[in-house]
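Engineer: Sequence:
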Amino acid sequence: MERIIPHVTNETARLRAVVLGLPDSLGPIPTLQETYDAKSYEAVSRGVFPSEADVRHEMQCVLDVLDRYGVRTLRPAPLTDYNQVFARDVAFTIDDTLFISNLIPDRERETEAFASSIFPLIDPAHIESLPEAVHTEGGDVLLYDDILFVGAYFGDDYSSFKTARTNSYAIDFFRERFPHKRVVPIELRKHDREPAKSVLHLDCAFQPVSRGRALIYREGFLHERDVALVEEIFGRDNLFGVTPEEAYYMSTNVVSLSPDALISDRHFTRLNAHLREAWGMTVEEVPYQEISKMGGLLRCSTMPLIRD
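Read in order, the letters of the sequence shown correspond to residues 371 to 678 in this note's numbering.
No wet-lab data here; the hints were simulated from the structure.
Note that beta-carbon positions come from the ideal geometry of N, C-alpha and C, so glycine has one too.
A portion of the hints provided could be inaccurate.
[As the list claims (entries may be wrong)] Subject to a maximum C-alpha distance of 30 Å in a straight line, what follows is the list of computed DSS-like cross-link-like pairs (lysine-lysine):
1. K567 <-> K663
2. K532 <-> K663
3. K567 <-> K532
[Stated by the list, open to error] Simulated DEER-style distance windows between Cβ atoms:
4. D607 <-> T450: 47 to 55 Å
5. L402 <-> Y452: 33 to 41 Å
6. R545 <-> S415: 37 to 45 Å
7. P490 <-> E602: 21 to 29 Å
8. T639 <-> N608: 20 to 28 Å
9. G417 <-> P657: 14 to 22 Å
10. P490 <-> G650: 14 to 22 Å
11. R581 <-> Y439: 17 to 25 Å
12. A485 <-> P657: 25 to 33 Å
Take the sequences, apply the hints, and build the full model.
Structural biologist: Pasting the structure below:
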């Protein structure tokens, strides 16, 4: 069998091969102490944590779209009573290398599932483990050709937050590993229990779409200077600003099928209308609000291996 050589240089080129998370055997509803993001904490505390049946239905809708677009879709090995919905964070592709994340302890078995199913499919010369001190997850890593946007948190209280997933060592690593790229760290607001005060990953506050355009939740950035930098790179007219209410439902967390098409939640009516009418895009709408209660959405569920 021919091994896969990963290739992803941006978020929007035609998607050819992707890993989609699994909705099966999620296990019992977690306790508040077992949650590891603010949205899950809130869902458990309010008694609205999604059912496995609803999660399965929503992920099937995404799979149906991927199939229609001819995307090769891989799935990790199933684990019993373990949440495997958010494939994005287990590993991520930059250029021609698949990097294996150092996940938080609550999620480390997801790496084991990839190790027995996904990683053996990759050409060994194109897969790399991160150094132990480098904390980062795929949701914090966004590619824009020669620019690498990295969500992070540098506060002295980093270790006290379950929602802080990318540290300063990751920024140093990326700059050394990709000297030809401009690495742009973006500090995010963190809170383990209140979603309105927290951004888990960068793709929950920012994402390039289309050609030279992006979605942005400015209030999720910790520093105004980082907002200004994104505006400088893209131009204010090429940014769609997401409101705090829209960000709560994760409106920036779409996934691109090509520069002209993407998958979005059907509840994002203002965003979807703008993408179609102002930016001329094809929007494939799916239901995904139940999965959003677990702290992630469409980009979080998909881990691209190959784009054009």
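Engineer: What hint numbers does the structure not satisfy?
Structural biologist: 5, 7 and 10
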